[in-house]
Each structure stands twice: as structure tokens, then as C-alpha cells.
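Asks: Sequence:
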Amino acid sequence: MTAVDGDQTTGDTYDARALQDKWQARWAAELPFQASEDPGDDRPRSFVVDMFAYPSGDLHMGHAEAYAIGDVIGRYRLQRGDNVLHPVGWDSFGLPAENAAIKNNSHPEKWTYANIETQAASMGRYGVAVDWSRRIHTSDPEYFKWNQWLFTRFFDRGLAYRKDGLVNWCPQDQTVLANEQVVQGRCERCGAEVERRALNQWYFKITDYAQRLLDDMDQLDGGRWPDEVLAMQRNWIGRSTGADVHFEIEGRDEPVTVFTTRPDTLYGATFFVVAADAELAEELCAPEQREAFETYRSDVAKLSDIERQTTERPKTGVFLGRYAVNPVTGERMPVWAADYVLAGYGHGAIMAVPAHDQRDLDFALAFDLPVRVVVETGEPDPAETGVATAGEGVLRDSGPLDGLSKDEAIERIIEVLAERGTGEATVNYRLRDWLLSRQRYWGTPIPIVHCPSCGEVAVPDEQLPVTLPELKGAELAPKGISPLAAAKDWVEVDCPSCGGPAERDTDTMDTFVDSSWYFLRYCSPHLDTAPFDTEAVNKWGPVDHYIGGKEHATLHLMYARFFTKVLHDMGMLDFTEPFARLTNQGQVINEGRAMSKSLGNGVDLGKEIDAYGVDAVRLTMLFASPPEEDVDWADVSPTAALKFLNRAYRVMHEAGAAGTPGADPATGDVELRRITHRSIDQITALIEDKRFNVAIARCMELVSATRKAIDSGPGAGDPAVREAAEFVAVALSLFAPYVAEEGWEKLGHVGTVAAGNWPEADPELLVQETVTCVVQVQNKVRDKLAVAPDISDEELERLALASEKAQGFIGDKTVRKVIVRAPKLVNIVVG
Numbered sequence: 001m002t003a004v005d006g007d008q009t010t011g012d013t014y015d016a017r018a019l020q021d022k023w024q025a026r027w028a029a030e031l032p033f034q035a036s037e038d039p040g041d042d043r044p045r046s047f048v049v050d051m052f053a054y055p056s057g058d059l060h061m062g063h064a065e066a067y068a069i070g071d072v073i074g075r076y077r078l079q080r081g082d083n084v085l086h087p088v089g090w091d092s093f094g095l096p097a098e099n100a101a102i103k104n105n106s107h108p109e110k111w112t113y114a115n116i117e118t119q120a121a122s123m124g125r126y127g128v129a130v131d132w133s134r135r136i137h138t139s140d141p142e143y144f145k146w147n148q149w150l151f152t153r154f155f156d157r158g159l160a161y162r163k164d165g166l167v168n169w170c171p172q173d174q175t176v177l178a179n180e181q182v183v184q185g186r187c188e189r190c191g192a193e194v195e196r197r198a199l200n201q202w203y204f205k206i207t208d209y210a211q212r213l214l215d216d217m218d219q220l221d222g223g224r225w226p227d228e229v230l231a232m233q234r235n236w237i238g239r240s241t242g243a244d245v246h247f248e249i250e251g252r253d254e255p256v257t258v259f260t261t262r263p264d265t266l267y268g269a270t271f272f273v274v275a276a277d278a279e280l281a282e283e284l285c286a287p288e289q290r291e292a293f294e295t296y297r298s299d300v301a302k303l304s305d306i307e308r309q310t311t312e313r314p315k316t317g318v319f320l321g322r323y324a325v326n327p328v329t330g331e332r333m334p335v336w337a338a339d340y341v342l343a344g345y346g347h348g349a350i351m352a353v354p355a356h357d358q359r360d361l362d363f364a365l366a367f368d369l370p371v372r373v374v375v376e377t378g379e380p381d382p383a384e385t386g387v388a389t390a391g392e393g394v395l396r397d398s399g400p401l402d403g404l405s406k407d408e409a410i411e412r413i414i415e416v417l418a419e420r421g422t423g424e425a426t427v428n429y430r431l432r433d434w435l436l437s438r439q440r441y442w443g444t445p446i447p448i449v450h451c452p453s454c455g456e457v458a459v460p461d462e463q464l465p466v467t468l469p470e471l472k473g474a475e476l477a478p479k480g481i482s483p484l485a486a487a488k489d490w491v492e493v494d495c496p497s498c499g500g501p502a503e504r505d506t507d508t509m510d511t512f513v514d515s516s517w518y519f520l521r522y523c524s525p526h527l528d529t530a531p532f533d534t535e536a537v538n539k540w541g542p543v544d545h546y547i548g549g550k551e552h553a554t555l556h557l558m559y560a561r562f563f564t565k566v567l568h569d570m571g572m573l574d575f576t577e578p579f580a581r582l583t584n585q586g587q588v589i590n591e592g593r594a595m596s597k598s599l600g601n602g603v604d605l606g607k608e609i610d611a612y613g614v615d616a617v618r619l620t621m622l623f624a625s626p627p628e629e630d631v632d633w634a635d636v637s638p639t640a641a642l643k644f645l646n647r648a649y650r651v652m653h654e655a656g657a658a659g660t661p662g663a664d665p666a667t668g669d670v671e672l673r674r675i676t677h678r679s680i681d682q683i684t685a686l687i688e689d690k691r692f693n694v695a696i697a698r699c700m701e702l703v704s705a706t707r708k709a710i711d712s713g714p715g716a717g718d719p720a721v722r723e724a725a726e727f728v729a730v731a732l733s734l735f736a737p738y739v740a741e742e743g744w745e746k747l748g749h750v751g752t753v754a755a756g757n758w759p760e761a762d763p764e765l766l767v768q769e770t771v772t773c774v775v776q777v778q779n780k781v782r783d784k785l786a787v788a789p790d791i792s793d794e795e796l797e798r799l800a801l802a803s804e805k806a807q808g809f810i811g812d813k814t815v816r817k818v819i820v821r822a823p824k825l826v827n828i829v830v831g
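Under the numbering used here, the letters of the sequence shown match residues 1 to 831, in that order.
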């Protein structure tokens, strides 16, 4: 039941449930939120996208906040007269559906689409103004066909490739994970501790775009994207400038290359370290060290990258029985395998300069290796203190570098290395290629056929989509390899190139592939000749405003940016960044903690809506804090929101019943008009600045002022009251759409309140005729004066000194000083 009931047709209170039923039906019939593709529609276009939901169940409190924020932005642009595209879709492939199907001996498709329908019904009830005609599901063949089409284009361009390598393996979900999907050494999905395994996998070559991903952040700076997200992306890409240095290894024909940001310290390199899990370590290991190395490598495989790089762990390693040759000194340097060097960084090997790198120093002291200072910083000897001197200083004991500063020495040593053919300047990135293949069923099949004669062959366009075979129950159970491998009738095919016997690739794509371009599909969701209509996308795109959680800062957002750049290079887009503006929403928590059934602090969105109505829940959510901050549901009050909505409804109802549409507001109460137009001006600026909570507060103040004008002023029939009530309806349409629609209708209007009714503030009504000046004597308030906003300091001082109330406190004392801050303050100092 709703908390407030009444006759919503004739009474002065509103029935939240009745209004929801009425306006949902009206919107469904009239489709007021459908974007126009009419070539003659010359309204500005606004493309607003919410990060689409995963259909794991009904909408929850987090969805309630995210969709409310996106809806305010979309509705505001519609109110401002824009042609708004605010679409809806579901990210419907993925592990949760597959795991649920295995548990229930069902099929993930059935589970997924049942949840989609549940969420769609709830979203409609929640009043989100979306264009339902553009609805997409990524698990539909008409969608994932184009995942496969794009994959084959990436494959043709050398951006999709397969290789052997060490990967992150989730033992619980039985699949590989991209680096970005490992959080603190654990699977970001299930929380299981991630292992490292050597497997052959598919990758997207995102590293080819590393520098462009950095450079194009210039388009996103200046408040367009949150600074925190941009910082996280820059850190994840991790650009480092330095040099590649080539070290001869005794007994090996080819030199080994290491990357270093401090080639100036090369004269201080005293040993050489290879990542224990790198193939190079196995290759370099001398026979007599083989057993010790294999034991050590097995131990390292149990550690996450986070654990390996922490400075708190004691340094471990094993000597490989081989020596490298320092290219500038000719000295023999022992080669060690260690866990603190990662196979994925640089070339998987480093030159160790213990005097000037703390991890190298810790290792040197643990294994009694030489420590040689080559940068004079004035600090104590690292070998004695155990603290590396990482400062810049001046080079010493470094041959031609002696006496040079860091920058001078780097430039000179690179010249020396280049002259000798033993090194060159280079740039390195922390970013690794995107591992996209998954050993699970419920995803897009990778459109590659493996032929003994032709190798890897892309499935031809006319054979797309490659759909999934029918598996269920135990057949879906993870086995360490894809369940698709057991579907022999599906796997065994003719090679598209030579016609001989071949096999399909049995892995599926990471679902982040689906979400890397879905926003483009919204512009032509049912097109069957291409993934999207390029002309339509270039008209709508890029997305003007994107709304979602910051947990995607180095996952989805990075991948979407990469896809956009590739598609631009393919001539399919005329922009290079997908999202012009980004808003991150905070979490909805309860009692200071994340909501959880196990903690007993979960809040059911459906029950809250049943108790208070959609408008009150939405208003409560948006009034609680700015979008990016967390909302603690224990600290907010839907009851208070409901009371305000009832007051607002009565104001609109009474103004509509007493007045006449079209009456000239200029003939109404001037003071209320000033309040109304200040409200228009302030709320407009607040919405533009995404300070929705303050905008709601200003709306509450306007309702109070209008109520006062009705009860003790000119009355409900005054044209200024109608003007105020109309703006209440327009402003509330962003936050509480049901009561706003009903109020707009009560005010005598036909059609939705949402469509282009936002007024402009009258500048003349924004000018204050008087302001209140506080008069203090000895810093205590003694009087208040109504003065002109542009009053001079001299005139304000004269008025303050002439104030009878102020004179009563001055008495016969001498005025020693008068401090004037026109037009708001005068402080009279006496003594």
C-alpha cells in the first residue's frame, strides 16, 4: 500500500499507486520519450546512456540511484527542447546466468530472459524516460552476430591474435581473467584467489593504442570526466620513458633486452633478475640449478601479482647458474630468478641497481650481492643503512657520465648505447593486451575455425552468427576447458577456406566485448546489414552523457575507448572518444555498510516503492547527496519526501482549480514572481552542475513560498501563483515524474510535462530591489536595514550611523571606526 491515499482525480491529495498506473499507461500509449529520426527535426540532439544492467534479478537500490540520476539528465535535456535519445538494454551474457543454470539444471537463456522481463517491468514502474523501441540484449543473435563480425575485422587488422602465455586463472569459475578483472589477487566476480597458468588464449592488441588512450584524455579533462577516473586510467596504462638495454648472456646467442627508466645508473648494475615464471628463466637455468629452480617456480605460481610486488614480503629467489655481461663495464653479473619481477613488465627481466632501487637493495642484502653507489645524493651508504638512495643527484664512478645530472646522464648514456649497438631510447607501458577468450558457455562464440592446413580461419560473414549449441545442466559444468569442446557435432566443421575437416574455436568472448560498443548499436538497434548505421551514429554520437559506477574505470571504460578508436580507424566513426561526459554515482549503503543479506541490512526496492511510491523513493535518493557520493538509506526519510510531494501536489491542484491557463503572470504578485524566477535561474544552474540535491531544496522553497501566497497572499487564482505552480510541475518532472505529470494536467495542460516546457528566467525579475544590511555595534547585531543592492559605502555608513537602534547602543561613546562591506554589513566600533 502507498502511505498516502486520496482521490487523485478530484481531491487535494494524491494516491501514488493510482498515479503510477495512470501515467505508465499514458506513456505506453503516447510514447513521449521516443527519439525522433525525422530529418526535418532540427532540435539539438542529446544522447544520454546509463551503463546497462546485468539481469541477475530484479532492480535493486543501486539501480534505483543510477537510473534516477540518468533520468534527471535525460529529462532535463528534453525539457530544454532537445531531441533526446535515452535508450535501454541488458548486458545479458555472462557467468551468473550460467552458474544459476548449472545449479538449477536449467539453461542460462531461460534464466536470463526471465530476469530481463522482471527488470524491464520494474524499470517501467520506476518511471525512467527511456526509448523502449531501441531496447537491446547482448545475448540476442542479432546482437552478438556483430560481436563476431567486429572480431573478424580486428583479426584481419592484426588486432585479434592468439598466443601462449601465463594467464590469470579463476579456479572457482574455471576460466581465465583479464588483468583488469583481478582485484587484490582475487577474481573480481567470485572472490576466489587467482592462479597463474600457461595457456594459449585470444587477445585484443590494445597496447597498439596505449599512447592514443593517453593522448585523447585531453578530450575528457576539464571536468568532463571525473579526475579520479582519468588518474586511474593513466596509472593503469602506466607510460614510462627510458631505454631498452641489450645484455649478452654467456652461453646464449641472442642478447636479452631489459627496459629501465634509469639507464643512467647502468654502471651501478651488479646483478641481473629474470621473472621466475617467464620462459626466459627456464631457458637460462643451468642444468645443475634445474631442481632448485623448478621448486622455486612452483612456489611462485601460488602467489598473486599483488603479493609478489608488496614491499613487506622478504625477497626470495634462486641463482640460475648463468652470467650476464654489463654492456658498459664488461663485468659479469649473476643471473637470478625472483618473484618480485613480473613476466608482463617490460621484457620480464631487469638490471638490478641495488644502491638506487629499494627492491633490488632488499634482494642484494638478502643474498649478499654487491651494492655500488653511482649517484651522489649526499645520503648515507645504502649497504649500511638498508635504504636505497633514489634521488637524482650527480653521477659518479660512471665513466663518461661522471658529474652529470640525471637528465644529462640519461641522454648521454642512450647516445653511448646507440653508438655501441647495445641499446636505444624507448617507451614502455604497464598496460597489457586484453585477454578476451573465456572457457565458459554463455557468451559469444569466437568466430574462428582451426584448420590443419590453413591454420586460423575467420568464419565468413555469410555464416554469421555462429550460435551456441544446446547444452544444459551437467553439460555446462566448467571442466578447465570450454564446455563447447564436448559438443562434437558443433565443433567439427569444414574449413571455410579449403573445405577440409576443421574444428571451431571452443572459447567464448569476454562479456566486456559486448559492452565495448553497445551504445553505438542503440542508434540503429535492428539493422541487419552492419553493427550500426554509421551516419546515424555520427549524428547522435559521441554519447553526450554517460552514467555509471566508477568500478568500471579500468575495465569497461578503457575497452570502450579502445573499440571506439579502432572503429574510427576503420572509417566507421568520425569521433575518437565514446563518452563526452561521465558521471559516476556512489553506492547505496545501509547503516554505514554495503547492503548484504548476510549482514541483515538489505533494503528491498520493491517494498520501498510499495510503501512510499516511486516519486518518494526517487526524490529521497536524489535529495540525499550529490550523485557521486554514497547514500546511506538509514539516514534518509521517504516519509518526509512523501509529505513534501503531497504539499506540492496540493499547490498545483489548487492553482489549477482556481486559475485560468494562459493568464498573464505579469499581472500577478510581484514578490512571488521574483521568487519563482530566482528559482528558475538557480535550479537551471544546479541541474547543469549536477547538484540535484540542492535543486530539490530550491524546489521545496518555491513550494513553501507558493503555499504562503495561496494562504495569506493574493490567493490560488493569482496568475503569479499559477506561474509558480507550473514551474513546480516542470522542475519536479525531473525527480518525481508521476506527481509532476498529474500536477501539469491539473493546471489545465494537455500532453506530457516532460516535453520542452522549461522556462527562461526573466532577468528583470532577478534584480533585487533591496537587500538586507546587518548593522553591528561592537560585532553584535543591533539593526537590519533594507538598502539598494548598489548602495555606496559612504551612503551605507551614513544610514547605519543614523539608525536609532544603533544609536541606542553607541550612546555617548566615541565612534572609533566604521567597517563597511556594502551592501550586506556595517560594523561600528566604539570606545
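What the hints contain is simulated information worked out from the structure, not anything from laboratory work. Keep in mind that this is a model prediction, so the values were computed, not measured. Glycine residues also receive a C-beta, built at the ideal position from the N, C-alpha and C atoms. Certain hints may be false.
Said to hold, decoys possible - 16 Å max Cα-Cα, derived EDC-like pairs, lysine to aspartate or glutamate:
1. Lys110 - Asp91
2. Lys145 - Asp82
3. Lys145 - Asp528
4. Lys163 - Glu456
5. Lys406 - Glu376
6. Lys205 - Glu282
What the hints assert, rightly or not - Each pair of labels, with its calculated beta carbon distance range:
7. Gly403 - Thr329: 13 to 21 Å
8. Glu462 - Ala29: 50 to 58 Å
9. Arg593 - Gly715: 44 to 52 Å
10. Cys498 - Asp208: 37 to 45 Å
11. Asp58 - Arg593: 16 to 24 Å
12. His246 - Gln184: 34 to 42 Å
Asks: A separate judgement is required for each hint: does it hold in the structure or not?
Replies: Going through the hints against the structure:
no. : hint                        : result
1   : Lys110 - Asp91              : 15 Å, holds
2   : Lys145 - Asp82              : 33 Å, violated
3   : Lys145 - Asp528             : 9 Å, holds
4   : Lys163 - Glu456             : 12 Å, holds
5   : Lys406 - Glu376             : 11 Å, holds
6   : Lys205 - Glu282             : 26 Å, violated
7   : Gly403 - Thr329: 13 to 21 Å : 18 Å, holds
8   : Glu462 - Ala29: 50 to 58 Å  : 41 Å, violated
9   : Arg593 - Gly715: 44 to 52 Å : 50 Å, holds
10  : Cys498 - Asp208: 37 to 45 Å : 30 Å, violated
11  : Asp58 - Arg593: 16 to 24 Å  : 22 Å, holds
12  : His246 - Gln184: 34 to 42 Å : 36 Å, holds
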